[in-house]
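Visitor: Model the placement of chains D, C and U on the given structure of chain G, informed by the hints.
Chains as they are written, first to last, in this note's numbering: chain G, 1 to 154; chain D, 1001 to 1156; chain C, 2001 to 2758; chain U, 3001 to 3315.
Simulated from the structure, these hints should not be mistaken for laboratory data.
None of the values given here were measured: they were computed from a predicted structure.
Treat the hints with care, as some may be off.
[Said to hold, decoys possible] Straight line, CA to CA, 25 angstroms or less: simulated DSS-like cross-link-like pairs of lysine-lysine:
no. : chain 1 : residue 1 : chain 2 : residue 2
1   : D       : K1016     : U       : K3010
2   : U       : K3153     : U       : K3065
3   : G       : K71       : C       : K2061
4   : D       : K1016     : G       : K21
5   : G       : K118      : G       : K81
6   : U       : K3189     : U       : K3065
7   : U       : K3263     : U       : K3215
8   : U       : K3295     : C       : K2753
9   : D       : K1154     : C       : K2010
10  : C       : K2753     : U       : K3263
11  : U       : K3268     : U       : K3311
12  : U       : K3218     : U       : K3303
13  : C       : K2423     : G       : K81
14  : C       : K2385     : C       : K2423
15  : D       : K1014     : C       : K2032
[What the hints assert, rightly or not] Here are the simulated distance ranges between beta carbons:
no. : chain 1 : residue 1 : chain 2 : residue 2 : range
16  : C       : Q2086     : U       : K3005     : 37 to 45 angstroms
17  : C       : D2110     : G       : D82       : 22 to 30 angstroms
18  : C       : S2057     : U       : K3005     : 21 to 29 angstroms
19  : G       : K3        : D       : S1073     : 26 to 34 angstroms
20  : D       : K1085     : C       : P2631     : 33 to 41 angstroms
21  : C       : T2093     : G       : K3        : 18 to 26 angstroms
22  : C       : A2019     : U       : K3066     : 48 to 56 angstroms
[Stated by the list, open to error] Covered stretches of chain D (chain U as the covering partner; in silico rule of three or more C-beta atoms under 8 angstroms from a C-beta of chain U):
no. : stretch
23  : 1021-1031
24  : 1039-1047
25  : 1052-1061
26  : 1127-1134
Glycine included, C-beta positions come from ideal geometry on N, C-alpha and C.
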Amino acid sequence: MKKEITFNLNNEETTVEVDPKWTLLYLLREVLNLTGTKEGCGYGECGACTVIIDGKAVNSCIFPVLEAEGKNIITIEGLAKDGQMHPLQKAFIEKGAVQCGFCTPGMIMSAKALLDEKKNPTDEDIKEAIEGNLCRCTGYVMIIDAIKSVAAGR
Amino acid sequence: MKTVKVTINVNNEKIKLQVKPYETLLETLRERLALTGAKEACSLGSCGSCTVLLNGTPVRSCLILTPEVDGASITTIEGLKEDGKLHPLQEAFMEKGAVQCGFCTSGMIMTAKGLLNRNKKPSRAEIIKSISSNICRCTGYKKIVEAVEEASKKMA
Amino acid sequence: MDDNLKIVGKRVVRSDSYAKVTGSALYTADLKLPGMLVAKVLRSPYPHAKIISIDVSGALKVPGVKAAVSGFDAYGVKWGVFRYTQDHAMLPTDKVRYIGEDVAAVAAVDEETALEGLSRIKVEYEPLDAVFDPVESMKDGAPQIHNEYKNNINIHVHIDVGEVDKAMAKAYLVREDTFKAAGEAYAMMEPYAVVASYANGYLDLWMPNAGPHVRAKALSNLLKIPLNRVRVRHINSGGAFGGRSEVAPGDLVASLLTIKSGRPVKLVLSREENATSSRQVHDIVATVKTGMKKDGTIVAKDYKVIYDGGAYSSTGPIATSIPFYVYEECYRFPNVRYNGYRVFTNKGIRGMYGCHGRAFLAGNEAQMDMMAKELGLDPVDVRLKNGLTAGEMTATKSKITSCGLKDTIIEASEKTNFKKRWKKKEKNRGIGMGCVAIMCGFPMGFRSGSSCYVKINDDGQVTLVTGLVDNGQGNESMVIQVASEVLGVPMEDINLVNADTEVTNLDPGAYSQAAAYVGANAVKAACENVRKRLISIASEKLGVPESDIDLKDRIAYSIKQPDKRMPISWIAREAFFRGEPIVATGSFFPDIDFEREWVTRPWGQMAGTFSFGTSVAEVEVDYETGKIIVPRFTAAHDCGRPINPMAVEGQMEGSIQQAGIATITEGNMWYRGFLLNPDLLEYKVPLACDMPEIDTIIVSSHDPKGPFGAKEGGLTVRMNAYSAIACAFTNATGILFEELPLTPDKVLNLLEKNKGVK
Amino acid sequence: MILPKFEYKKARTIEEALEIYSQYNGEAFYLAGGTDLVPLLKHRLFNPKVVIDIKGIEELKTITKKGGNLLVGPNATLYELKGTPEIQEKLPCLFQSLDATSCETLQMRGTIGGNIMQNTRCLQYNKSLEWRTARGFCYKMGGKTCNVVLNAKACYSNYCGDNAPSLMTVDAKARIVGPTGEKTIKVEKLFSGDGKEPFTVKPGEILKGIIIPLKETKGAYEKLTVRGSIDYPLVGVAVTIKDGSAKVGVTGIGPCPRVYELKEVNEKEINNIADKAYEDAKPVLNAVLTPAYRKKMVGVLIKRVFKRIEKGGSR
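Looking at chain G on its own, in the form it has when it is part of the complex (with noise of 0.2 angstroms):
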């Protein structure tokens, strides 16, 4: 049986109706059409699917889709503010820290989860808060620098 949910995405007011069997990803991806976060596991081990719910970086592929009620949710199309993109999207670019792209949302999210929380976060802090999201093309080293120069820079 269906239900109806509410809650905020992308500073947006959503209702929907869910099937309480569904995941967050499966509402994201499949009724929403924002397709930016990736199913690429679907048992939250490789993070690609990561979004922000309430400040906090989550899998969404194991999120059920009812918890979301009332909550805040911020995916990788909420990024973006009146056409300009957020300083980590500057910075994965310009850092050359996107390769095939599949995880890059899902890091962002990571990452602007960090920073939101932490203004000036460690190496250590910075590893740790991406240590969910597997990346199999750039060896880390890139996006950890483009996240860096956006903490810096702040």
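Guide: What follows is chains D, C and U alone, placed relative to chain G:
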């Protein structure tokens, strides 16, 4: 606005849906079921481009509310093939050159299918009368009439 | 190899028809992209009004509305086909000029929300006097629609060849008549729709269009985006008939909305909007004066033709000229004067139409029959006497290369027993003939030519890449057929990538009747270059001379020793090993005089070649009700060698509906700028039951430069079918028509006015 | 084109339908075939709160023979009715008008009740809300004057039903049921003659049945249109001859169909009626052919139908 629960059989598949009470069958087919073969060309029942079969009878799906057809069987152009084989009407439309821009084609074929459902051997006059329910802007109808004649012969 | 064709000239099943009979062919409104928004347009309720202000902010407050735009969000660039006709902003900021003009638009999550958004947009107008009749509009003191055009005269085409007045004075018989015709609706079955998607600085667009390259260029200018970032993509088109050649206001609207919202946007016009706010056909008033010798030779023609141009230039100079040219390409006019005026009125935009110019063309032909009758001649002889032949020049200096006009006249008249029936008239019955010629392509600058890229894939299959467009005529299938012939592979082995501005080269589009002559010629040239490579490698491998090799059924083989053979796929792989994959380009540019200009220099070679046609209609007139019945219609067409006769017949049959039967049913009706029949109920597109028995005759001539001898296929019928009906009406009643369409009310009125005439 | 918002209710009995109607204070429409109603709703000419689907009401569907009459449920489709042997054999005028109605596909969906009770039409009325708003609302839409006959405080829209005139010529009656009970009236009494409110049927009342006397008749229907299918009549003339006398029904001009009686069928009488019907017809410029022409055709078609009947009646 409360939605309405309907169960319809679309192209031999039983489908349960919750639709808007003011939703047309054409909208349901195109927007919910991604069956875009039926076309919206006038939306007012004047042209026949949205024709589908309702329990075997051709209807203008733009004039029908989806709640009206709860429990009914709908056949669209996408459901005409059987076992991966084209229906004789589809074959004949291709072979006789009855297709040009193609926008009226699915409605035209469904109207013809409706005719053959109730009249296995229609005369030329009966074919013309029946497909005069549908507007085609490209072909001048001659090859469409020939295609329906050909299909009815093949099916006999 | 032309004389031993394997597939060209055969009645083949069109390559696009499978998708169309199974419902899987996608049209613009069928597209669904992730996150796609629905757009709706706010339209002008006034025929003419100053825009004081537009405030879209209210719309943006509606939850679910993601963007709202007006002309103030555009760059103030005005579009026009020619430098001197750039007067159409698409979203106006100064004035609205017709009811239904696009003023502002919103994109929202669904249609209901978009409509709610529209209702919150505030527009303040100051209504101005409006003018709806072109003759009134030309008068001093009429409301001025654009400041730049005095007396609202948008275009004046003036052609003067020989000494018209002198010749007219010496003529044995002179007759002058005025003919009117209501503008028609294109009434293509697919209402206009556009999907626009802007991401990462690139704009992708899908819409039914007849010329993706001209669309992309116009949008690049209007949006100030580099051309390589505007991509008009391939999609099925539910008919065009001339009405989808140029950029449309909706293209700009959808583009602005996707740029603003960052999400894909779909705009689908309702049937009513499609009529009120996309293009319509010109209403025409044509005054035709003809001087003839006693033997029926035309010595002079003097024309004044007024075209109701609606609110903007659109294809102005072309529309003002084409009816004249298709006529002078058919008959010999030693002395001729043409004054064509395209005049602005406060009505919707007007464009080119496959049947453009019916008042002028039908008027000429019907008048010719009246004069023939007076001189004791018959229409067949008069047409044969005045018809152009191969090698002759038209009045404005276009050389006619191949010409089957005579054959079409003779074959159509023999098939219908024309001469006898025209003379020995049965009561209330008549027979009439109409002739015309059509240029196969006309000067469109560097867009006049086409090019094609072909590659042979590693399995021997073929990919063709060309700018050629199909709006339902079968152009795509036609070039696949041509490639199949040249390359010796079946049609199903050939993939076509076409009409996508990012990957295809310039092409005239499905416009100006150029697809067979220009587009297919380019495909043929490219395939011939590939064929040379295939044969060269095969010759080497098989050890026989190149001249002994032919390609057939995916095989290269020796003609003399047929057991020496190898699959084309082997040749392709061999070429890959050599590091020289088999790819080739080919192009065709018609022999046209590019100094020719529609207004300033209306002479010189118009097109590479011309096709010809003759229609014969038989009518019955009901004297009590004024109803005309058309029991039989015969059309003969010289299209060079038909590539697919079945497709050519289809064009001819459609033309008989759209130009022939339309002569008694179709016309737009207006009330002070309001279109009264913008729907498919009151705009009378003929139905199956309204169609006559049809005979089509394809007169196969052979054009020296056409691909396998082919020329344009079908359009002549679109421009002479109404003449045949009008002439048959005159033959039946002894009366010339005054106004088209010949609906029963008009017919009865004419019959009563002319009581006693026989 | 999307529909305006409304609720959908299915009624299983007439009582239930009347009940729903009153629940919504009359802001309701009965839905049968929908071929007339849905376009009106899409154009926002009406904005009901609820649409009551009465197709499921069994007693409204049946066609039965009883005591020399054919009892027709209003939800019988035009196509079913056309296929009824009694109509084919005895009522040629009605058969022909059914056959001439719109096109086959719409005959198979459209019902006789809906066809009789269809709203009047006008080139300036059957348009989108946007079109009508730009033009200014006319008298029928609640505006001050007609948009065709400028300054007239009346509505000149045309009743375009093909079958009401035929039914009138065969003396058919209509059974009406409403909140206050049931009544049986002549078909011609269904029409008010007022273009704004073309029917005498009161809010909530349902057409419950049509009673058609089954007597041997001769007759024919003549319909003036531009095309051979889909179109509404620009003038329609129905003639039925029974026991030496005849009735003539005229439709397509003005807000209601008219019926005329000939005591005897002879040339003089026919001419008289043709002249009278011509005088009565007051078309205005609200259809695709000129008013003068349509007026003229009333007389022409009447004479023509009688001639056709004389020759055997077939089309």
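Visitor: Each hint: holds or not?
Guide: A quick look at each hint next to the structure:
1. For the hint pairing K1016 (chain D) with K3010 (chain U), the CA-to-CA distance comes to about 18 angstroms; that is within 25 angstroms, so the pair holds.
2. Distance restraint check for K3153 (chain U) and K3065 (chain U): the Cα-Cα separation of roughly 45 angstroms exceeds the 25 angstroms cut-off, and the hinted pair is therefore not satisfied.
3. A distance of roughly 23 angstroms separates the Cα atoms of K71 (chain G) and K2061 (chain C); the hinted pair therefore holds under the 25 angstroms criterion.
4. The straight-line distance between the Cα atoms of K1016 (chain D) and K21 (chain G) is roughly 18 angstroms, inside the 25 angstroms bound, and the hint therefore holds.
5. Under the criterion of a C-alpha separation no larger than 25 angstroms, the hint pairing K118 (chain G) with K81 (chain G) is consistent with the structure, at around 21 angstroms.
6. Taken as a hint, the K3189 (chain U) and K3065 (chain U) pair is honoured in the structure, with Cα atoms around 23 angstroms apart against an allowance of 25 angstroms.
7. Proximity of K3263 (chain U) to K3215 (chain U) is assessed by CA-CA distance (about 17 angstroms); at most 25 angstroms being required, the pair is judged to hold.
8. Between K3295 (chain U) and K2753 (chain C) the CA atoms are separated by roughly 18 angstroms; this keeps the pair inside 25 angstroms, and the hint holds.
9. Restraint check: the Cα-Cα separation between K1154 (chain D) and K2010 (chain C) comes to about 23 angstroms, which is no more than 25 angstroms; the hinted pair holds.
10. A C-alpha spacing of about 37 angstroms is found between K2753 (chain C) and K3263 (chain U), which places the hinted pair above 25 angstroms, so the restraint is violated.
11. Distance hint between K3268 (chain U) and K3311 (chain U) is fulfilled; the C-alpha atoms sit about 18 angstroms from each other, no more than 25 angstroms.
12. About 15 angstroms separates the Cα atoms of K3218 (chain U) and K3303 (chain U), which keeps this hinted pair within 25 angstroms; it holds.
13. Proximity of K2423 (chain C) to K81 (chain G) is assessed by CA-CA distance (about 80 angstroms); at most 25 angstroms being required, the pair is judged violated.
14. Restraint check: the Cα-Cα separation between K2385 (chain C) and K2423 (chain C) comes to about 19 angstroms, which is no more than 25 angstroms; the hinted pair holds.
15. For the suggested pair K1014 (chain D) and K2032 (chain C), the alpha carbons sit about 24 angstroms apart, so the restraint of at most 25 angstroms is met.
16. Checked against the given bound of 37 to 45 angstroms, the beta carbons of Q2086 (chain C) and K3005 (chain U), roughly 44 angstroms apart, stay inside it.
17. Take D2110 (chain C) and D82 (chain G): their Cβ atoms lie about 24 angstroms apart, and the range 22 to 30 angstroms holds.
18. Between S2057 (chain C) and K3005 (chain U) the CB atoms are about 26 angstroms apart, so this pair conforms to the stated range of 21 to 29 angstroms.
19. Checking the proposed 26 to 34 angstroms range against K3 (chain G) and S1073 (chain D) shows it holds: the Cβ atoms sit about 31 angstroms from each other.
20. Between K1085 (chain D) and P2631 (chain C), the C-beta spacing of about 39 angstroms keeps the proposed range 33 to 41 angstroms intact.
21. Roughly 48 angstroms separates the CB atoms of T2093 (chain C) and K3 (chain G), a value that falls outside the hinted 18 to 26 angstroms.
22. Range check, A2019 (chain C) to K3066 (chain U): Cβ separation about 54 angstroms, and the 48 to 56 angstroms hint holds.
23. Chain U is given as covering the stretch 1021-1031 of chain D, and this holds because 5 residues of the stretch bring a CB closer than 8 angstroms to a CB of that chain, at least three being needed.
24. With 5 residues carrying a beta carbon less than 8 angstroms from a beta carbon of chain U, the stretch 1039-1047 of chain D meets the three-residue requirement, and the given coverage holds.
25. Given a C-beta distance limit of less than 8 angstroms, the hint that chain U covers the stretch 1052-1061 of chain D holds, as 4 residues qualify and 3 suffice.
26. Counting residues of the stretch 1127-1134 of chain D whose C-beta lies closer than 8 angstroms to any C-beta of chain U gives 5; at least three are required, and the coverage claim holds.
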